[in-house]
Every structure is written in structure tokens, then in C-alpha cells.
Amino acid sequence: MAVNPKTLPKPTPETQHFWDGAKAEQLLLQQCDACQHIYFPPRPFCPECASRKVSVIKASGKAVLYSYVINHRVPKWADGPYSIAVVQLEEGPRMMTNIVDVEQTPEALVLDMPVEVVFDAVSEDITLPKFRPAGGAS
Amino acid sequence: MKPRSIAIVGAAETTELGKIPNASQIQLHADAALNAMADCGLGPKDIDGIACAAEWPTDLAHYLGITPTWVDGTMVGGCSFMIHLRHAAAAINEGLCTTVLITHGESGRSWIGSKAMGNNQASLGGQFEIPFGCLGPPTMFTIPVLRYMKDRGLTHEQLANVAVVQREWAGMNPRASFRDPITVQDVFDSKMIAYPFHILECCLVTDGGGALILTTAERAKDFPTKPVYVLGTGESVETPMISQMEDFTSSRAFKVSGAKAFNEAGICHGDVDHLMIYDAFAHLPIYGLEDLGFVKPGEAGDYIWERNTAPGGELPMNTNGGGLSYMHSGMYGMYALQESVRQMRGVAPAQIDGAKISVCHGVGGMFGASGTIVMTNEK
Ligand SMILES: [Zn+2]
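Read top to bottom, the protein sequences are chains A and B. Letter by letter, the first sequence follows residues 3 to 140 in the working numbering. Letter by letter, the second sequence follows residues 58 to 436 in the working numbering.
Everything labelled a hint here was simulated from the structure, so no lab data went into it. There's no promise every hint is true.
The calculated PhoX-like cross-link candidates involving lysine-lysine, where the alpha carbons are at most 25 Å apart (straight line), are [stated by the list, open to error]:
id	chain 1	residue 1	chain 2	residue 2
1	B	248	A	78
2	B	283	B	436
3	B	102	B	312
4	A	12	B	172
5	B	413	B	312
6	B	207	A	64
Looking from chain A toward chain B, a few residues come up when the C-beta cut is under 7 Å (computed) [to be verified]:
id	residue
7	40
8	71
9	86
10	88
11	96
The beta-carbon is built from N, C-alpha and C at its ideal position, and this holds for glycine as well.
Chain A with its partners taken away, still in its complex shape:
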């Protein structure tokens, strides 16, 4: 699917590292140095224990398809019905994404199927992490 240029992310000081990472084709999470909690979306403190001592870690990019819808009210900038999905990362956090390189149908999009991150450079500054069935296109 194409991307609506009016809804590109605007990074903030707290999230810039994530978008820099995505541009370099790395999926970055954060981990608390005090309690080891791994979390997303980004913030400069641990939402579990409030420690400000946190580190940026690189995710494996492996996930499973947790839930989704297939949007059928197709906007001008898209080329057909598309999935809006939530994946559960191997490291624990969930994130919203699109499932790509696969038919956008309930038959092809099966809950709990393994998926892997791919990077979609949608503008000069912004690369969106998307996911495809693990092992490449099906």
C-alpha cells in the first residue's frame, strides 16, 4: 500500500532514536536497566518502575500476527483493501503495523502466524517498520 503523506510521523526528542533506527533498517526497543522491562512505544523512562536508566536495544524483528482488520474503505492513496495489524514482538511489546507481501485476505492473514520485520522507506526521513510472513513473500 502507498502512504498518506499527511499522516507521516513527526518524531519528538523522545522518539527520534526509533525513527533514526528504522531509517537504518533496525527495529529499536527500550529496556530498563533497573528492572529489565522491555517496552514500546519509546519514552526516556521505564513505565514499569519509573527508572530513568534505560537502554536502547535492537529487536530481532521476529513477531507473530496478534490481531488485525482489513480496511475496505480504500482511500485515494491506497491501491486496494489493506490490513492494519498488531504484531507481538519476540521481545514482548506489541506494535501496530501493516502485513505486507501477502494477500490481504482473512484466509492469508492467520492469527499467530510468524512474521518478520521489513522496512518501508516512505519519505526521505521516515521509514515505517512493516511485517511480512516469516521466510519471505508467500
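Dock chain B with the ligand against chain A, hints included.
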């Protein structure tokens, strides 16, 4: 709060509902407020507390000629009015004011004088959800449902059936937008919006408003209307991001708010005669029935299928037709409250004979917030 210390003495919706091309959003608030004041024989000089959402309390107070000693502009989406009611009850009991007006008005369909809710591209949702092609609630609020269906065994038929049963209630309500009976097959044959949701499983988009007036239970007997006492109240919030809700099969905000209201009211589920669960989409009554504890996790689809919430059932739910068939201006919570008040006054179009306790449960955002009000007509 202390049960039965506060009463709803005035309640009304806008004169018209549906498509109202001749009124701006603030006028919809005012129309409902004037109707509620007329309902209980008060004027603007008698009101000393004001709460509203989507408009500033400042704007409403000025527009209506009210000089408040207490204001509340809590805005957490469609359940803001349940939360206003809760805050108002506490404020009156604390002596901050004596008579509170809560208003809602929304030009959700005609968009006259409404503020567009723009996308904040720097918010967490604007960065980590919207860019993936989200187009408002039908593509977001619905995302947890496939997970619920897999984990709890809910079928597509059971999801569609929520809309079917609510249409039965709407058929009994002359003010409902859609009144013709529908079948599960009609739902399946209706336009796909965001799989697994068809258009008949999504709420209406309308214009309208509503208002409530609260005072002490002691003063309530001096009013011409039958008092409806506030028995218990709850509120909570979870997350503005649907992707980050803790459990896709249950709303934490629903559970916290509901438990608080039931505990405060000192009631058990069997005491409830009438139930409103805010239904922006067909899955909300299913989550609500389970998270409020009326049934166990995974049982709500069957419970509705077996007609327990339908006309003649043991737990009449969404008796105005709900957001799916009655009306939905965007923040539906006020209309759910209005129907609970009508049922407690004994004047609802689909009146439940002898109903004494009504539970009114709201959602704000997309499982982001919740407010629960328990009402009774017994002192
Ligand atoms: Zn921590």
C-alpha cells in the same frame, strides 16, 4: 460517593435528533440544556455548576447565562458525561455547588460549528498508529476483535447478532434512526467496512445533544420530575493507543470503572433490571457484559444469542436501540444516560416494567476511558 445522596432532576435530549442542518454544535448543547431546564422548572440563574465536553464550559456558561461556582471540562471521549456526573455528585456533596448542568451537543453529521479533531503527528498515536493507514475508529476500535474471536470462540454470527437484537429495541422507539428489523444475513450482506466489521456493526453518524441536571436528593422532592438517584459511580482510563491495550479480550478501564460503581452502589448483578453499554461497534456490549461481570469471559456472545438482553429477556440492554440503531453523534454516552433516566422515570418508549436499578456504562476513545453510573428510582 454516598449512595442516593444525589438525584438527577432534569433530563432531556435535543428537540431533534439525526440530521440537524440548522444548528451549530454549541446551539445543540444549548437546545438540550433549555429542554432539561424546562423539564425540571429551572432557569440559568438556578444553575451554579456546569460540565461539558467538546465545548469549553466557559463557552457554554456564557452562552446560557450561567454564573458557576464549579466547572468541569473533562474530555475523555464518549463517556465524559458519566465522568461529569460522577464529579458533579462529589462536588455537590462537598458543597462546591448545589445544582449542576451537564451538556452534550455534537454536529457529528452536519459538521456545523464543530472543531475538527486533527491528527497530531507528533503524539504517540500519530507516530506509531495513524501512519499505518488508520482511518478513524472503524479501522482502530475494531482491531482487538479477531483476537477476542480466536481466544474466546466468538463467531461472526454472534457478533452480527448484537446489531440484530438492538434493532429489535430500536423498532420500539419512534426516535430511533433505523427501525426496520434486520437479520444476521442482512448484516453479512451489508457493506464491509473493516473486516470483520460490516456497516451494520458500526454506529450511526448523527447530530444531536442531551443534558442532565443534578442536585441533592433532599432538594429533589421539590421538583416536578420523578427523582432518579445516583447509586454508584466509577471511572478510569487505560491508553489512547488501541495497539497498547493490556488485554485484547478485555478492557482494563471497563473493569476498574465497573467494579468501582458496583461496589459504591452495594449491588450485585442480579439486582440490575436494565443495562446500557455504549455500543459504538457491535463488540462493545460483548466486552462490557464480561468486564462488568454479568457473564464470564467468553460467554457474552452466547448470552446475547440466547436473547437474554433482547425484549423479554432477563437483562434488557440498550433499550433505545443503541449507537448502532438509535443515534450516535460521536460521543454517545449522554444518550445512554438519557435512556437510563427514562427507564428509571418509567417513561421509556420500550419501558421495562418495574425496573428499579439501571446500570449505564460508557467508553471513551477506543477502549481508552470508561465511566459507569448506577441509578435507581427508589429512595
Ligand atoms: Zn523498570
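List of violated hint numbers, smallest to largest | 3, 7
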